[in-house]
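J.: Listed below are the residues making up each chain.
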Amino acid sequence: MIDAFSYLFMSWLQPELLALTAIGTCAGIYIGAIPGLSVTMAVSILISFTFGWQVNHALALMNGIFMGGVYGGSRTAILLNIPGAPAAIATALDGYPLAKKGEAGNAIGLSTVMSVLGGFIGIIVLALAAPTVSEFAIKFQPRDYMLLAVMGILLVGSLSGESLAKGIFAGALGMLLGTVGLDPMTAEQRFTFGSVELMNGISPVALMIGLFGVSEALNQLHSLHLPAIRQRVDKIIPSLADVKKYLPLSLQTSAIGVFIGALPGTGGDIAALMAYDHAKRVTKEPEVPFGEGAKEGLVAPETANNAAVGGAYIPMLTLGIPGDAVTAIIIGALFIHGLNPGPLLLVQKPDMFWFTVGNLTLANIFLLIFGLTGIRIFTRIIECPKGVLLPLILLLSVVGAYSINNSVSDVWWMLGFGVLGYFMKFYGYQVGPVVLGIILSRLMDDNWRRAIISERDSVSDFFFNMLASPLSATLFAAIVLILISQTPFWKKFRAGGSAVPKNG
Amino acid sequence: MIGKLMGAAAALALLVGVASAGDFPDRDIQGIIQWGAGGSTDLVMRSVSPEAEKVLGRSIIMTNKTGGVGAIATQFVASQPADGYTLLMSAENPQLYKVMGLSNLDYGDFYPVNVLARGVPVLVANNDAPFNTIKELVDYVQANPGAVRMGSTGPGGLPSVVGGMLAAETDFKVTAVPFDGDGPALTAMQGGAVDFMPAVLGVAAEHVKAGRIKVLGIIDEEASPILPDAKPITADYPEFKKYLPWGPFFGVFVKRDTPDDVKAKLVEAFKAGAEKADFQKLLSDRGYVLLNISGDEADAFLRKWQSTTAWVVYDAGIAKKSPEEFGIAKP
Numbered sequence: 001m002i003d004a005f006s007y008l009f010m011s012w013l014q015p016e017l018l019a020l021t022a023i024g025t026c027a028g029i030y031i032g033a034i035p036g037l038s039v040t041m042a043v044s045i046l047i048s049f050t051f052g053w054q055v056n057h058a059l060a061l062m063n064g065i066f067m068g069g070v071y072g073g074s075r076t077a078i079l080l081n082i083p084g085a086p087a088a089i090a091t092a093l094d095g096y097p098l099a100k101k102g103e104a105g106n107a108i109g110l111s112t113v114m115s116v117l118g119g120f121i122g123i124i125v126l127a128l129a130a131p132t133v134s135e136f137a138i139k140f141q142p143r144d145y146m147l148l149a150v151m152g153i154l155l156v157g158s159l160s161g162e163s164l165a166k167g168i169f170a171g172a173l174g175m176l177l178g179t180v181g182l183d184p185m186t187a188e189q190r191f192t193f194g195s196v197e198l199m200n201g202i203s204p205v206a207l208m209i210g211l212f213g214v215s216e217a218l219n220q221l222h223s224l225h226l227p228a229i230r231q232r233v234d235k236i237i238p239s240l241a242d243v244k245k246y247l248p249l250s251l252q253t254s255a256i257g258v259f260i261g262a263l264p265g266t267g268g269d270i271a272a273l274m275a276y277d278h279a280k281r282v283t284k285e286p287e288v289p290f291g292e293g294a295k296e297g298l299v300a301p302e303t304a305n306n307a308a309v310g311g312a313y314i315p316m317l318t319l320g321i322p323g324d325a326v327t328a329i330i331i332g333a334l335f336i337h338g339l340n341p342g343p344l345l346l347v348q349k350p351d352m353f354w355f356t357v358g359n360l361t362l363a364n365i366f367l368l369i370f371g372l373t374g375i376r377i378f379t380r381i382i383e384c385p386k387g388v389l390l391p392l393i394l395l396l397s398v399v400g401a402y403s404i405n406n407s408v409s410d411v412w413w414m415l416g417f418g419v420l421g422y423f424m425k426f427y428g429y430q431v432g433p434v435v436l437g438i439i440l441s442r443l444m445d446d447n448w449r450r451a452i453i454s455e456r457d458s459v460s461d462f463f464f465n466m467l468a469s470p471l472s473a474t475l476f477a478a479i480v481l482i483l484i485s486q487t488p489f490w491k492k493f494r495a496g497g498s499a500v501p502k503n504g
Numbered sequence: 001m002i003g004k005l006m007g008a009a010a011a012l013a014l015l016v017g018v019a020s021a022g023d024f025p026d027r028d029i030q031g032i033i034q035w036g037a038g039g040s041t042d043l044v045m046r047s048v049s050p051e052a053e054k055v056l057g058r059s060i061i062m063t064n065k066t067g068g069v070g071a072i073a074t075q076f077v078a079s080q081p082a083d084g085y086t087l088l089m090s091a092e093n094p095q096l097y098k099v100m101g102l103s104n105l106d107y108g109d110f111y112p113v114n115v116l117a118r119g120v121p122v123l124v125a126n127n128d129a130p131f132n133t134i135k136e137l138v139d140y141v142q143a144n145p146g147a148v149r150m151g152s153t154g155p156g157g158l159p160s161v162v163g164g165m166l167a168a169e170t171d172f173k174v175t176a177v178p179f180d181g182d183g184p185a186l187t188a189m190q191g192g193a194v195d196f197m198p199a200v201l202g203v204a205a206e207h208v209k210a211g212r213i214k215v216l217g218i219i220d221e222e223a224s225p226i227l228p229d230a231k232p233i234t235a236d237y238p239e240f241k242k243y244l245p246w247g248p249f250f251g252v253f254v255k256r257d258t259p260d261d262v263k264a265k266l267v268e269a270f271k272a273g274a275e276k277a278d279f280q281k282l283l284s285d286r287g288y289v290l291l292n293i294s295g296d297e298a299d300a301f302l303r304k305w306q307s308t309t310a311w312v313v314y315d316a317g318i319a320k321k322s323p324e325e326f327g328i329a330k331p
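If you're matching them up, the sequences are chains A and B in order. full-length UniProt numbering puts the last residue of the first sequence at 504; the count rises by one with no breaks. full-length UniProt numbering puts the last residue of the second sequence at 331; the count rises by one with no breaks.
Since the hints were derived computationally from the structure, they do not count as laboratory data. One or more of the hints may lead you astray.
From chain A, some residues computed to sit far from chain B (all C-beta separations above 10 Å) [said to hold, decoys possible]:
{"hint": "1", "residue": "Ala27"}
{"hint": "2", "residue": "Glu292"}
{"hint": "3", "residue": "Ile369"}
{"hint": "4", "residue": "Thr373"}
{"hint": "5", "residue": "Lys425"}
{"hint": "6", "residue": "Ala477"}
Only pairs whose alpha carbons sit at most 16 Å apart, straight line, appear in this in silico EDC-like list of lysine to aspartate or glutamate [said to hold, decoys possible]:
{"hint": "7", "chain 1": "B", "residue 1": "Lys320", "chain 2": "A", "residue 2": "Asp183"}
{"hint": "8", "chain 1": "B", "residue 1": "Lys321", "chain 2": "A", "residue 2": "Glu188"}
{"hint": "9", "chain 1": "B", "residue 1": "Lys320", "chain 2": "A", "residue 2": "Glu188"}
{"hint": "10", "chain 1": "B", "residue 1": "Lys173", "chain 2": "B", "residue 2": "Asp139"}
{"hint": "11", "chain 1": "B", "residue 1": "Lys241", "chain 2": "B", "residue 2": "Glu221"}
{"hint": "12", "chain 1": "B", "residue 1": "Lys173", "chain 2": "A", "residue 2": "Glu455"}
{"hint": "13", "chain 1": "B", "residue 1": "Lys54", "chain 2": "B", "residue 2": "Asp278"}
{"hint": "14", "chain 1": "A", "residue 1": "Lys139", "chain 2": "B", "residue 2": "Asp128"}
{"hint": "15", "chain 1": "B", "residue 1": "Lys242", "chain 2": "B", "residue 2": "Asp257"}
Even glycine gets a Cβ: it sits at the ideal position worked out from N, Cα and C.
Construct the entire structure; sequences and hints are all you get.
T.: Structure below.
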């Protein structure tokens, strides 16, 4: 036990480790904030860079980058409407409207505090319940992942704005775009027209940068004559009363984040979107409607994606199974450093586990410090003249799209989707469902086929086994309930027959 | 201004001209990794390169260019000048591109700077599966054709090839469920989504040692020190000898028409990298067998691999085109 404690606080007490964690967290925030530069990329570069280091030093830097990077995506999402990573898409939905109202400082402050809160909850679950959670997480079968994806696609309802029909159209477009490329199951080429560049499919990140960032820049060309919005910077750190108010919601969304993060097939992006949807469903009377700057819409995804960090470490440290793309690379790093990441790691080297828990906690504290400093300077970015700001957004988008996979074709896609996004917005289509569709397309497609192949193509066996498995049956029931709860019939029933049915 | 630019361009052209003539390398080298960060290929390349960089006196800037079962990276390197400044850091996959209809390239278009190592496949199963050895598996599958679910990584991947070999030698009908890689498939097997799967030793070993899955046997002629209890497949099925040794491999390649002195320098550098004790320990810990071969020896290895594997996948009905079309000899 004393050993465990000494490892827990190891990175707090050794100045080198302390410094590396701080550097990692700070760098992570900026890497995360630049769209296209991802934590996955940064950590994989660090594998070569830290080749000759001690394993704890390398880990301290990587843990910091991971924590900081997941949070960093919210910066550009709030300030410029360009999510730094897919995990920050939901943050942009209500964060950017806040910035438009001149409350960017407040929004960043709140998202920082809530990210840290979510991060802590993730770490606590990791420390206290890791073996239980991971045993449960690996029970998820292809069929359950498919049901999860179906649940995710219902989010189109939350993201489609004024018209559900247009939202469904946009979501379907995203799912169609997600099918482009080499089919991983059969190596069959789908919609590639014989082009090698298309074999890898259309990058969801390129699509996201285009639809959000470039289309926003194009849109703003209409309002060049308007002065930039003055940002209020007096109230940055959210009041205790605010934190208290959002505490129940953030506990729920953190739980969603930890669990979705711990599932080996899903990560922070899906966690954040599901949390956003959850917030929208449980918040009966937001101060401002969702999509126009509701604080709940900011709190939910930000707690969830940082809670997913702790979640992702759960199967990694207990079973050697990565919880997401970043932990997959950290497993590689451990292996290069002579450790054998696997189910025996926890038994043979429990110090690794406690070191990681302690180090993530430390990174989370640094996140609070670095996150809350410098907000004033950041908010100045959107106060600069549009003649400077808009070319800057375009430059950032091009660099971001290129760095996804060092490919110029991603830049073309990004620009193309930028133009498409501009016209979509012009005609009242939301771009969120397109990104949702492309993210969930593979998850749903692959897992449905895995599930039905396992049943030897028998649809009746599929349904029978789905209802026979408690896990699948629960997920299925949840989907049915969510659907029914949105019908006018149910709303009438709930309101005792007096309420006017409202489109959801 | 324009004069200056022209000057710079001329200097650059001169630089490139000099580069191909001698003194290789006079600038940093690009290493294009065919698979994603954190995967086996990525890890092997990132561990062998530091020593090779020392010999070359320049950095190797490594980039992951994934997609199309590695065809995108392969195509990219093929489109670069044959000057040795762009290396293809890759695995076995290009040897099947032609029969899978993915690309017209294979390692015939590249020169093997170093084929570093090969992996050894094992058969592993869910702990609850009603078979404990390869023989029991085959008997069970024969008694219940199509009912056993095999974890796979898509056509042309290691599980599909081993499954193809089993199907060629025994009456072996299983339902293959494809996953995104051997890691996700092993995870799914622990959850019970599939019953057994062929996997590379290094990836499966830790899970076997921890008792989370069981090993049925090893697809090699000898047992491995990593999992000494895994019985070689040839013990029960000696007819498998003709395929062996077989396994996925990793190598560093340049375009075939790269100048000879450049090839020689690269061969020297990666030989030094492969001989480093750290690197060899890393491989053996992970159950990989060091090959460290280049030039003609590597070409012979690559040709044998291609002929064995292409015909197995073709006979198993996985390949789209016959190896005959491309002049790949029958083993």
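J.: If a hint holds in the structure, say so; if it doesn't, say that too.
T.: Hint check:
no. : hint                    : in the structure
1   : Ala27                   : 17 Å, holds
2   : Glu292                  : 39 Å, holds
3   : Ile369                  : 29 Å, holds
4   : Thr373                  : 31 Å, holds
5   : Lys425                  : 30 Å, holds
6   : Ala477                  : 21 Å, holds
7   : Lys320(B) <-> Asp183(A) : 15 Å, holds
8   : Lys321(B) <-> Glu188(A) : 13 Å, holds
9   : Lys320(B) <-> Glu188(A) : 10 Å, holds
10  : Lys173(B) <-> Asp139(B) : 11 Å, holds
11  : Lys241(B) <-> Glu221(B) : 7 Å, holds
12  : Lys173(B) <-> Glu455(A) : 15 Å, holds
13  : Lys54(B) <-> Asp278(B)  : 15 Å, holds
14  : Lys139(A) <-> Asp128(B) : 14 Å, holds
15  : Lys242(B) <-> Asp257(B) : 33 Å, violated
The structure is inconsistent with hint 15 alone, although it conforms to all the rest.
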